[in-house]
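Participant: All chains should be modelled from the sequences, with the hints used to inform the complete structure.
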Amino acid sequence: MSEWTSGYVSEVDYTHGYYRELSPPLLSLALLNRGVNAGPSRPLRYLELGFGQGLSLNIHAAACPGEFWGTDFNPGQAANAKEMAEASGSGARIFDLSFEELAARDDLPEFDVIALHGIWSWISDQNRKVIVDLARRKLAVGGVLYISYNCTPGWSPAMPLRHLMTLQAELAGSDALGMTGKIDAALNFTQKVIDSGALYFRANPAVAERLKKIKDQNRQYLAHEYFNRDWLPMPFSQVAEYLGGAKLTFAASASLLDQVDEVCLTAEGRQLLGEIGHPLLRESVRDYFVSQQFRKDIFFKGPRPLSVLERFDRVRNLGFILVTPAAAVPMKLAGPIGEVTLQEPVYKPLLEIMAENGYAPKTVKQILAHPLWNQQPLPMLVQSLVVLTGAGHLYPVQEPELVKAAQPRCRKLNSYLCKRARDSNEIAFLASPVTGGGIPVARFAQLFLLARHSGKKQLGDWVTFAWELLSSQGQRLLKDGKAIESAEENIAELTAQAKVFSDTHLPILKALGIAHD
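Note that the sequence shown covers residues 1 to 517 in our numbering.
Since the hints were made in silico from the structure, they are not lab data.
Every residue, glycine too, gets a C-beta built ideally from N, C-alpha and C.
Pairwise CB distance ranges (calculated):
(1) D106 to F294: 31 to 37 Å
(2) R304 to M159: 35 to 41 Å
(3) D503 to R42: 41 to 47 Å
(4) P507 to E468: 25 to 31 Å
(5) M159 to R270: 28 to 34 Å
Facilitator: Here is the structure:
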């Protein structure tokens, strides 16, 4: 590896993922739900460290007000991110600097949010110290740091699996195979060790099952998740100790479902955790209950707790939008303790309310006053909204004036992303000025939007537009995992998808400010 990579995989590009927990509105909701006062008094200043391909950073820079900065040491990824920023006109400041080089700049402002997704687990201890120092000097008082990372105890049983795979790749892998070839060879070798009766895997059968799932995963993802030189899952308490050096205090999980104990913990677990007074010990013990292997944490510099009244006063003014067709929202959730059934008398009316008026956003005040809500108490509504948001069916919305300001940037970014969908399915999200974040939109839906926005109003024209793009590249649709060969069958499948898109998804995308006439 080149010296500038510091042992981080650079031969294979990172995936074009979007990570919604990094969005300012969701960070604010996660803090408010935990009763923490949040929100800058000035226009937001936001810094993302190690942004990968830069999709999250660019969506947030387009969809939210404020000043956005980001760095990723990989110049190819930084160039991709910069191209997106130029397309949207967001003014996001994109760099290919190391963390140390960025920290040394004399023009860095104080930031209200510093965000880093995953990278804490894949960098050297020296780089961790640089991040802590940067947060100490450049995170504003009242600012938040979002950090996600591989953690123990959930990762502990599989750490020897990762060691074996990377050891084989390092000592026996051939450079002629390239990074993906090395990964395939390491996976096959590890499977041979399992098949040969290694006692470790007999004693830990879940680890052997984990390898089966790993084999089916994207090789770009595996390269960055497993095969970096530096790789260290860390217990929560150790991360908290590091960040304490920057005067940061743990405030909340950015994963909203993790904040709902009824979804994550048994009654016995809830009782025991309620008896633990020290917050760091309580949070650490909780990780054992849920076998946590990836945490999404928000740390705060100078948190001020809100009283119950203050919290609910603020909650009443929040708006939410439903992003899943109401009929498609399941009444069951998969949690650490198994499947959890939602209370239909609570959730069904709420979903019906949220779907009214073409899925337009609704404030908590409006929901409380709606006849279908039937005068149920505010705390029940708040928990229901948090559960549906955590499950990805609802999103908090921005103030109308912020939505209006973000619309031109989002429109330009989405046009650019939809054009990239003409020959690739690598980006599956578009920017919503309403939510201030990214919304999942699959490739063919993006092509139908591109057709609509280019003046094609009829469903048949969208299908023709999409099929001409696919057929010109020799591409075919898949059905039941197999390619559809004939043109007629491909057109029929595209027509069926376009009908579902028009009837079910288009009204929601209009409400989100993603589709427009």
